[in-house]
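Going line by line, the protein sequences match chains A and B.
Position 91 of the first sequence, counting from 1, maps to 93 under our numbering, and the rest follow consecutively.
Position 78 of the second sequence, counting from 1, maps to 643 under our numbering, and the rest follow consecutively.
Note that these hints are calculated values from the structure, not bench results.
Computed from a predicted structure; not experimentally measured.
Note that CB positions come from ideal geometry on N, CA and C, so glycine has one too.
Some hints here could point you the wrong way.
Using C-beta positions, here's what the derived DEER-type ranges look like [what the hints assert, rightly or not]:
hint	chain 1	residue 1	chain 2	residue 2	range
1	B	L641	A	T69	35 to 45 Å
2	B	T679	A	G56	38 to 48 Å
3	B	S648	A	S30	12 to 22 Å
4	B	S638	A	T7	19 to 29 Å
5	B	T647	A	E17	30 to 40 Å
6	A	K71	B	S619	47 to 57 Å
7	A	E17	B	K631	38 to 48 Å
8	B	G665	A	S21	42 to 52 Å
9	B	A567	A	G56	50 to 60 Å
10	B	S648	A	S20	19 to 29 Å
With a straight-line Cα cutoff of 30 Å, these simulated DSS-like cross-link-like pairs (lysine-lysine) come out [what the hints assert, rightly or not]:
hint	chain 1	residue 1	chain 2	residue 2
11	A	K59	A	K44
12	B	K631	A	K44
13	B	K631	B	K620
14	A	K61	B	K606
Partner residues are not named here, just some residues of chain B that face chain A (Cβ under 10 Å, in silico) [to be verified]:
hint	residue
15	Q607
16	M610
17	E624
18	G626
19	K631
20	F632
21	E669
22	Y671
23	P674
24	G675
25	T679
26	T681
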Amino acid sequence: EDQVTQSPEALRLQEGESSSLNCSYTVSGLRGLFWYRQDPGKGPEFLFTLYSAGEEKEKERLKATLTKKESFLHITAPKPEDSATYLCAVQAWTGANNLFFGTGTRLTVIP
Amino acid sequence: GAVVSQHPSRVICKSGTSVKIECRSLDFQATTMFWYRQFPKQSLMLMATSNEGSKATYEQGVEKDKFLINHASLTLSTLTVTSAHPEDSSFYICSARTPGQSYEQYFGPGTRLTVT
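The shape of chain A in the complex, shown without the other chains (with noise of 0.2 Å):
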């Protein structure tokens, strides 16, 4: 069965101060995992797609690393505005192309 665990569930992070999330998977062959954000009472925001161990892509002050195993969300000097929840999707190549999802990491960044 396919599982998606999520740590921490809360963090809290003084502006500048550099962190990891982690998404840890069991999944029967990755198609692909997902990284979004989401702001309160608001929908999902992309960030990255990953599709095989060692793959590595950044966005600004994101970046996120695949294993076979987990994936890490590193934020690089996190500034207030980063305070979000990140969720870690992922997608098997058996079954329905649907999106699996952890139940998050809520971030708080204090200026």
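Since chain A is already given, all that's left is putting chain B on it; use the hints.
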């Protein structure tokens, strides 16, 4: 990037009435759209997969007669909550998958439904 819109953003209705939510892909054609439901402080739960020109595929436990999905064109999918009850109050979010092999899904801003 790909843009998905939803309308309305908020709706309040009385118990027993029906509500329609629209989801549009604004700058790309989406053969596949998805409908999710999200409860407070919980993650997204897939309700159904909508394919243009065919019947939607519902997830286990989702009542197809209660949540009617229509995907009549490559840019529009609708979700109708029929005979709504207070327990149907939730945040409904649609997504659309971009064409090609990227498998990327872009989400709408969501619709907050409150049934009184």
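Here is what the structure says about each hint:
| no. | hint | result |
| --- | --- | --- |
| 1 | B:L641 x A:T69: 35 to 45 Å | holds (39 Å) |
| 2 | B:T679 x A:G56: 38 to 48 Å | holds (46 Å) |
| 3 | B:S648 x A:S30: 12 to 22 Å | violated (38 Å) |
| 4 | B:S638 x A:T7: 19 to 29 Å | violated (38 Å) |
| 5 | B:T647 x A:E17: 30 to 40 Å | violated (48 Å) |
| 6 | A:K71 x B:S619: 47 to 57 Å | violated (36 Å) |
| 7 | A:E17 x B:K631: 38 to 48 Å | holds (46 Å) |
| 8 | B:G665 x A:S21: 42 to 52 Å | violated (34 Å) |
| 9 | B:A567 x A:G56: 50 to 60 Å | violated (26 Å) |
| 10 | B:S648 x A:S20: 19 to 29 Å | violated (51 Å) |
| 11 | A:K59 x A:K44 | holds (24 Å) |
| 12 | B:K631 x A:K44 | holds (24 Å) |
| 13 | B:K631 x B:K620 | holds (15 Å) |
| 14 | A:K61 x B:K606 | holds (26 Å) |
| 15 | Q607 | holds (7 Å) |
| 16 | M610 | holds (8 Å) |
| 17 | E624 | holds (8 Å) |
| 18 | G626 | violated (15 Å) |
| 19 | K631 | violated (20 Å) |
| 20 | F632 | violated (16 Å) |
| 21 | E669 | holds (6 Å) |
| 22 | Y671 | holds (6 Å) |
| 23 | P674 | holds (5 Å) |
| 24 | G675 | holds (5 Å) |
| 25 | T679 | violated (13 Å) |
| 26 | T681 | violated (19 Å) |
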